[in-house]
Each structure stands twice: as structure tokens, then as C-alpha cells.
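**Student:** Listed here are the chains, written in short residue letters.
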Amino acid sequence: MSASAKSSSTYISLDSLLKSGRAQSEPSSSGCSSSGGSGKSSCGSAAGPDDMPAHIWEKVKNHPCYSEEAHHHYARMHVAVAPACNIQCNYCNRKYDCSNESRPGVVSQKLTPEQAVKKVLAVASAIPQMTVLGIAGPGDALANPAKTFKTFQLLQEQAPDIKLCLSTNGLALPEMVDEIAKYNVDHVTITINMIDPEVGERIYPWIFYQHKRWTGRDAAKILTERQLEGLEKLSAKGILTKINSVLIPGVNDEHLLEVNRAVKARGAFLHNIMPLISEAEHGTYFGLNGQRGPSAQELKAVQDACAGGANLMRHCRQCRADAVGLLGEDRSDEFTLDKIEQMEVVYDLDKRREYQQSVERERQAQHAAKLEAVAAAPADEDIKLLLAVATQGQGRVNQHFGHATEFQIYEVSGREAVFVGHRRVDLYCQGGYGEDEQLPSIVNAINDCHAVLVAKIGACPRDELLAAGIEPVDAYAHEFIEKAALSWFADYRARIARGEISHQPRGDARIRQGAYTAAA
Amino acid sequence: MALKITHECINCDVCEPVCPNHAISQGVEIYEIDPDLCTECVGHFDKPQCQLICPVSCIPLDPEHEETPAQLLDKYRRLIRL
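Chains as they are written, first to last, in the numbering used here: chain A, 623 to 1142; chain B, -9 to 72.
There could be a bad hint or two in this list.
[To be verified] Calculated cross-link-like contacts (lysine-lysine; reagent style BS3-like; alpha-carbon spacing at most 27 Å): (1) K843/A - K886/A; (2) K859/A - K683/A; (3) K1078/A - K772/A; (4) K772/A - K886/A; (5) K834/A - K(-6)/B; (6) K785/A - K886/A; (7) K785/A - K855/A; (8) K37/B - K834/A; (9) K(-6)/B - K804/A; (10) K37/B - K843/A; (11) K683/A - K855/A; (12) K37/B - K(-6)/B; (13) K886/A - K37/B; (14) K681/A - K855/A; (15) K961/A - K834/A.
[What the hints assert, rightly or not] Heads up, incomplete: computed chain B residues facing chain A, CB under 10 Å, no partners named: (16) N1; (17) C2; (18) D3; (19) V4; (20) C5; (21) E6; (22) P7; (23) V32; (24) H34; (25) D36; (26) Q39; (27) Q41; (28) I43; (29) V46; (30) P50.
I should point out that these hints are in silico values taken from the structure, not numbers from a laboratory.
Ideal placement from N, C-alpha and C gives every residue a C-beta, glycine not left out.
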């Protein structure tokens, strides 16, 4: 096994990441600065056609998970045909299944391959921007090879334009790579949380491999070897890979820098570092034992520290194994088995292509607006801060504050506005009235931001946001996000120059845990 | 003893393919074990495969089908002759 953990001079603690010299302005006493970190424009899934070979761009440009830009325009769906799993993770509890909850490993209705295909065709007819079908569990796609590959085979015959992808823990991967290639699966996600069995034994209580249940370091050693071998084989076949890592503070936080190097060395295309979700009510080992998830700034610090390694993905929504729609929305309720039975499904390839061409025109306009805004921006970079944006897609500031179930986070300097993450929140506005008790949780979720860009906002939340030091901004309604962010920033700088305001660092923010109850 | 699946079962499908005796099948609500086919993996493996892979530990011994190791081995031999 070639990838044992190497000791490294760049091995640094989460604390020192947070306090690293990357910060442009000094952190406040809370220890975190909103201007810390370097969201690089070259980083990761934000990359565009100029950053990669044409054949790879062709594969990722319409994939919402592989291209940050695409995720504003294109939708994905997961079909839950793979409930079985061959390992146990401390952040997963297979007993819990509530449709009100949004997290990986959870699903309300498992499907046969035939039912899955029917659902895909129904969704593709209703949502023409749905370009990607993934099998992500709720167990492990490759622990259910018969059902997974049967679904792919049927879909290739009936909906050849839909891209296929799967996600796996990697234990069964090395022997499956040929089969994966056979069905033209061109995107595979492997969850790799460690490359060191000492770290791994704190994440995985057991694995089932070659008719035995393995525990402790033996289990973690087998798992990491199989994962990295599988990754190497996929890379050798030219199959694009995304590595998902769950950031578990105190367990694998700084270790993820080593994981980042190891997976990059083996050809991983993207590295997606996600926050641990661990509420006691989920009943997971971590949840029940008080293992906390990271704060927003802790997550960003690790992501920023990895930014020079494998490309980083920051727009993952950790969606359910039966999610449908744009990332950040879930329309699976519209496509339950009994509902699709009654739908008239017409798979019209021409209509889908036509729609996607109109999306492409919109997207090019967004790209042009971004280039224009960046070109017009001054080159100095003495302030860097975070902005929250309410958007319902198309890359525009086009959502009412009260209707937002998440905010997208952009890091803005004089030179550029870079997507660095998203924050899920409880819906503020229900039935036309603002819910005042929701507001503190929204403030907590974007507390590291200087302003929030919205299409519209009511008087009450406006005042409360201002009191919390977050500027509500509706002056750029329906503009493209990057352009709006840079315009606001220029105005912010001008106000500082005129002495009207002074630039203050912001605190940390909380990553929303628990049920995704905000069904819009 | 044969094994049985309790109502803790989450229908995750993981046990069915690992059973060397094809004793496990999807029932009306949850997976079920045919006691005439279950040898607790005697003859095939050291330990019952379904117990080892079940994520919710819902496959105990079935007290209504008590068998000695010798009886299980007999059952195994009978089954592989079929």
C-alpha cells in the first residue's frame, strides 16, 4: 500500500489554520476573521473551460456537482435503488428515516431498477434541466451491484443523454471499475475520510470484507487501501472522480490536508470537504456521543488550506439518496411512486436539448457579466469579506429574503467575487408573515458575512439584520451575482473612503444541523 | 438454531445476497429467513454472514428452531446434496 500517512512539515492544526497569516484583517477576539482564507478563483469546481482540457470540460460543464457554475442552472436526481451497505460509519444511522430530514443515507422510498427508470423519465420530462442521474445509496451503490448496474443499463437504452454517476465508500470499488466503465459512468464519488488507520478506527467501527467483519485499525487499513486502489484504477480509465471527505473536528480535520494530497496524487478531479452532520436526534454514534460538527469558519479554513491541492468543491448540499432538482432544492415529493404512476411521461429529447440551449445562452450572459465586472474592478485587495446571497438559480440575486432556505456565500475583494459555500437556514417567511423567532438562527448562519444581497426584504428583518451588523441589500435585485457583489463592494469601499462607515471584522457562523423543514 | 429477522429490519437488502444457503427472501413487510434452509452458516463460514453485515443487528437466534451444531451440519450436508 503506497499511501500510508506521511509525516509532513505542513501538518498544521485547525486552530493554526484559523489563525493563519492568510487573514487580510486581524481576527476579532472571537478568533475568526471573515476576511481570512484565500478563495482562489483557480480553485476547483469554479474552474471554467479555460482551466481544463476540452474533453474534461465537456464532461463537467452541465454537471451541477462537478461544476460550481453549472449548479446554478442544471439539476440532478438520485434514485434510491441501493439500500445495502458493507461498512458502518460513526456519522451514519441506518434506522432513522424521516422524510423531513435531509442528509445522505436517508431515503423514504426504495426503488427497483424499473421503478427508478420510470421516475427518471418522469423527472426528465418535467424538469428539462435535469442532466445527471446519480446512485448514491441510501447504502452503497457498489454494495448493490446488480441493482445499480441494471438501472444504468436501462437508462442508457431509454435516456441516452443523461449523465450517469455513482457514489461509493470504495470498499468494493477495485473489482467494479471495468463494469463502471462499461456503462459509460463518467463520474464516480468516493468518500475518503482518512488515509491513516489510526484516524480511520475513530470513524469506522467495522467493515464487512471477504466474509468477515473487521474492526479497529484492521478495518480502516483495508478500507483505505481499497479506496486508493479504486481511485487509481478509475483515474487510469479516465473516469472523473470526486472525493468526499466529512470534516470531523478533533478526528480528521488537519489530516484532511494529507488526504487532499494523497487523492490529488492519484488523479482525483475534485475534493469536496463537507461538515459533519451530528445531532443527537439522528441517533448516530457521533451524534449520541457529543461529537460536534465544524463551524462555518472552521470548514472554510480547512477548505482554504486544501485549495492548492486537488480542486475543491464548495457547493455540495449533502443531499439525500432520493433528492430531485437543483442543488439546494428537493422536489422529490412531486415524484413519489404513486404520483409518477399517474403522470404522462413523454421523453422528448429535442425539447430537452432546446431548453438546455436556452440555459446555455443565459449562462454565457452570466459568464460575460462576471468577466466585465472583474475587468472593471480595481486591482487592490486590502479588504476581503463574505457576502450572503439569496438566489433561486440562474446565477442571479433573485430571491426574497423571507423565501430563502439557504444563502450562497461569496468571498469578495476589490478584484473578484468567489463562491465559497452555502448556509442552510429555516424559512423566515411563512404564509406571508415573517417568523421573528427564525431570525436569530438566520443571523447565526450568516454571522460571518458583512452583507446579504436579496431581491427584496421586509422592514422587520431589515432592522434586525442591521442591528446584528449585517447590511441588507436589495439594490441589485435580479442582477448576476458576481457583478452585484463587486458593485456592492465598490460602494462599500466608497463609503469607507468618505468616512461614512469603517470596516469591521465579523465573527464566526453556525452550520445549520438537523431537519430540513423549510419546504418552500 | 436457525436465525430469524426481527421487526427492527429496515429492508436494506444487504443480508439476502450474503446468505450461502439462499435462506433469506423479501417477505410481505420485512426480510424473512426460511428455518429449513438456515444452517447459521455452518459448513460455509465461521460465523453467520447475515449477522455480520446487518447494520441494525436485527438477526438473533430463533428460539423456536433450536438445533445443535451436529444437526446444523447434517442440515448443511442435506442441502448441498439437493
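**Student:** Indicate, hint by hint, whether the structure satisfies it.
**Tutor:** Hints, one by one, checked against the model:
A distance of roughly 20 Å separates the Cα atoms of K843/A and K886/A; the hinted pair therefore holds under the 27 Å criterion. Proximity of K859/A to K683/A is assessed by CA-CA distance (about 20 Å); at most 27 Å being required, the pair is judged to hold. Of the pairs offered as hints, the one joining K1078/A and K772/A is violated, with about 47 Å between alpha carbons and a cut-off of 27 Å exceeded. The hinted pair formed by K772/A and K886/A fails the criterion: a straight-line CA distance of about 31 Å is larger than 27 Å.
A distance of roughly 20 Å separates the Cα atoms of K834/A and K(-6)/B; the hinted pair therefore holds under the 27 Å criterion. A hinted pair counts as satisfied when its Cα atoms are at most 27 Å apart, and K785/A with K886/A qualifies at roughly 24 Å. Of the supplied pair hints, the one linking K785/A and K855/A holds, its CA atoms being roughly 20 Å apart against a limit of 27 Å. Of the supplied pair hints, the one linking K37/B and K834/A holds, its CA atoms being roughly 8 Å apart against a limit of 27 Å.
Of the pairs offered as hints, the one joining K(-6)/B and K804/A is violated, with about 38 Å between alpha carbons and a cut-off of 27 Å exceeded. Proximity of K37/B to K843/A is assessed by CA-CA distance (about 22 Å); at most 27 Å being required, the pair is judged to hold. A threshold of 27 Å between alpha carbons decides the hint, and for K683/A with K855/A the separation of about 24 Å falls inside it, so the pair holds. A distance of roughly 15 Å separates the Cα atoms of K37/B and K(-6)/B; the hinted pair therefore holds under the 27 Å criterion.
Taking the CA atoms of K886/A and K37/B, the gap is near 39 Å; set against the 27 Å cutoff, the hint is violated. Between K681/A and K855/A, the direct Cα distance comes to roughly 19 Å. Compliance with the 27 Å bound is thereby established for this hinted pair. Straight-line distance between C-alpha atoms of K961/A and K834/A comes to about 42 Å, which puts the hinted pair past the 27 Å bound. Checking N1/B against chain A: minimum C-beta separation of about 7 Å stays under 10 Å; hint holds.
Nearest Cβ of chain A to the Cβ of C2/B: about 4 Å, under the 10 Å cut. The hint holds. For D3/B, the shortest C-beta to C-beta distance to chain A is roughly 5 Å, which falls under 10 Å, so the interface hint holds. Taking 10 Å as the C-beta cut-off, the interface hint given for V4/B holds, the closest approach to chain A being about 4 Å. For the restraint placing C5/B at the interface with chain A, the shortest Cβ-Cβ distance is roughly 8 Å, inside the 10 Å limit, so the hint holds.
With a least beta-carbon distance of about 8 Å to chain A, the hint placing E6/B at the interface is held under the 10 Å criterion. Given hint, P7/B at the interface with chain A, holds; its Cβ is 8 Å from that chain's nearest Cβ, closer than 10 Å. For V32/B, the interface hint is violated, the least distance from its beta-carbon to any beta-carbon of chain A being 14 Å, above 10 Å. Nearest Cβ of chain A to the Cβ of H34/B: about 9 Å, under the 10 Å cut. The hint holds.
Look at D36/B: its Cβ gets to within about 8 Å of chain A, closer than 10 Å, so that hint holds up. Because the smallest distance between the Cβ of Q39/B and any Cβ of chain A comes to about 6 Å, under 10 Å, the interface hint for this residue holds. Using the Cβ-Cβ criterion of 10 Å, the hint placing Q41/B at the interface with chain A is satisfied: the shortest such distance is roughly 9 Å. The criterion of a C-beta within 10 Å of any C-beta in chain A is met by I43/B, whose closest approach is roughly 4 Å, and the hint holds.
Proximity of V46/B to chain A holds as hinted, the smallest CB-CB distance being about 6 Å (cut-off 10 Å). Against a cut-off of 10 Å between C-beta atoms, the interface hint on P50/B is violated, since the closest Cβ of chain A lies about 16 Å away.
The structure is inconsistent with the numbered hints 3, 4, 9, 13, 15, 23, 30, although it conforms to all the rest.
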